[in-house]
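Enquirer: Residue numbers (the working numbering), protein chains in the order written: chain X, 1 to 371; chain D, 1001 to 1371.
The reader is advised that the hints may include incorrect statements.
[Claimed, not checked] Computed, partial: chain X to chain D, Cβ under 8 Å:
(1) A40
(2) R68
(3) P69
(4) V73
(5) M77
(6) Q294
(7) R295
(8) P297
(9) L320
(10) I330
[Stated by the list, open to error] Computed footprint of chain D on chain X, listed as stretches where at least three residues anywhere in the stretch have a Cβ under 8 Å from a Cβ of chain D:
(11) 44-51
(12) 80-94
(13) 304-315
Note that these hints are calculated values from the structure, not bench results.
Glycine included, every Cβ here is placed at the ideal spot set by N, Cα and C.
There are 2 protein chains.
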Amino acid sequence: MPAFAFHLDATDPVGARAGRWTTPHGVVDTPAFMPVGTVASVKGLLPEQLKAVGVQMLLGNTYHLALRPTAQVVADMGGLHRFMGWDGPILTDSGGFQIFSLAKLTKLDDQRAVFRSHIDGSQFELSPEDAMHIQEQLGADCIMCLDECPPHGVSSEVLLAAVDRTTRWAARCRESHRRTDQALFGIVQGGTDAALRERSAKALLPLDFPGYAVGGLSVGEEPSLMYSTLDVTTLHLPRDRPRYLMGVGRPIDLIEGVLRGIDLFDCVMPTRNGRNAMAFTSRGPVKLRNLKHQRDPAPLDPECDCIACTRFSRAYLRHLFMAGEMLGPILTSLHNIAHYERLMCDLRRAILKNRAADFREAYIASQKPAD
Amino acid sequence: MPAFAFHLDATDPVGARAGRWTTPHGVVDTPAFMPVGTVASVKGLLPEQLKAVGVQMLLGNTYHLALRPTAQVVADMGGLHRFMGWDGPILTDSGGFQIFSLAKLTKLDDQRAVFRSHIDGSQFELSPEDAMHIQEQLGADCIMCLDECPPHGVSSEVLLAAVDRTTRWAARCRESHRRTDQALFGIVQGGTDAALRERSAKALLPLDFPGYAVGGLSVGEEPSLMYSTLDVTTLHLPRDRPRYLMGVGRPIDLIEGVLRGIDLFDCVMPTRNGRNAMAFTSRGPVKLRNLKHQRDPAPLDPECDCIACTRFSRAYLRHLFMAGEMLGPILTSLHNIAHYERLMCDLRRAILKNRAADFREAYIASQKPAD
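Please take these sequences and the hints and turn them into a complete structure.
Expert: In structure tokens form, the structure reads like this:
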């Protein structure tokens, strides 16, 4: 039996897809949201707590893991799954995005990127071959080609050069990747330029990747521009492979992405916002530090069955944040992930009923301004 | 049926006691260790996680709760149990200890203490009657009289005056306390002075408290002095009432306390040390930041069945601390509490077999220097 298989249960008239993606560590129902476990830990949460709110697959960041504890240590400890105690599927990114945003990039040519660590300034190099080697050491089920991620708003010449370098790097990644128990995805770049997105996608297709990622979005552009870019990008992607929209986004962005044929998402938003007392709920965002919650016995979200919502009041959650208690970020992060996972689950059922567009309208109608 | 009952299952020849203490929120097997939930949260841990490692009773700090979120908010939210989602027994201290250590004490007379908050400098007063009112609002099962807690090393005159004020305040607490679903404990003071300890205990006995606490220990004195003080203190306490040694301590201190007839303990050490990467194990303390653990696949404590020890390696725990991940403090705090709870449980069984002294010897022999 092959390690990977992608089966589409349904494709909604608008293009939304409900699928099942088989990986060496289990099946993922798509569309799926992957919480971000930056350095082999989804901040503050245990694997069993993630499973309890419906998480099937996690993401780890190669850049962060390569710095701490290093890919070699993870490999020596039996790989990322064993190291972090997560027996479900894992995806790692290539490190490209962080090199071009978080680290200090000191040199970039076709051979490799040279950069300084954001932690202690120590110098590292990352070539496409390095990215493959490191991700093989980490041992995730799904890994990413190294791509060049120029910031939003660069000239079309820079964007074109980045697309073509990303294509050349993708070929080298495909060439050097060895592990058959890992699915290597190509990454489509091209900013918000439709022609460049088409160029990027079409250049990657001959490399016959088992899945394709869409990179370089949600980096500062208007949401409408992200959505229109998705429209012209997924058009060129093979229907029989999973599609992953990297680093996106708000709940509505996930819905809009799914309606445009995206299957996989990751984003730090549920955990980062959760640490900052901002909760996503079935009735709209809630700012838990707001004084109005001081004596509110109501659950954070009456429609949510996570621990934060079934065992505690808004008053208690607010108190935890005001007193600087760790349990506030923990519970709110867990709730936000539960919200994202339920969103994907509900959306999947809507797709199976050909009701994805109705689902979007109902979701938008349910969301009140921040509370 | 009365709300409270204390039943002694066994008293070991050395004086260690195995009991069962019935409270309105359940039975506590003694000797028992109470983790500290300072502001209505045991830092980083959920009630269900505490229960899973054997915790039966928690402690809350009146001083901290009175400042945040205030006793009135807790009362409005249905009391501390409901507010923090803990349905087992809870004990609150009186706030006395924090007023004399953490806050800035600005005035002290027989009527009351006046102090400034350590958070924002705002001024508060606390009389014995206030301490009762606030603890009635919080609604713990077991509450404490307001006591004067002079620092270690004061003159015997100051110590004597504090003992006598503590006695006068205890009478006022007894007089003003109304809730029959709360057990109010008197607190024996007297530093390490045997005569003052006797004086304090004998002055409190006529007030017929349902239990007695020993305060003012583990505040800087040598452990041997704490133990000898316990010897001369428990001597004067009624055998048929629970005895609580406040704020103590290391595992060996708990064992020595139990051997001297103490039934209840609380201490921040398992959680505070846990947050600082120091673990208590069946083989001695472990410093998890130590480089020697970098590639150690072994569990933190092979004899422990907590999540930290059964799901993760020392290498992973070390990585979490080195990367500043919340999960390090969470898992190590949980493990340390599990260690304390198992210690009390094992000690209880030893008492039932009249083997408490042997247990102490075996524990000491098992503990290697920090690892």
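Enquirer: Need the list of violated hint numbers for this structure, in ascending order.
Expert: Structure breaks no hint.
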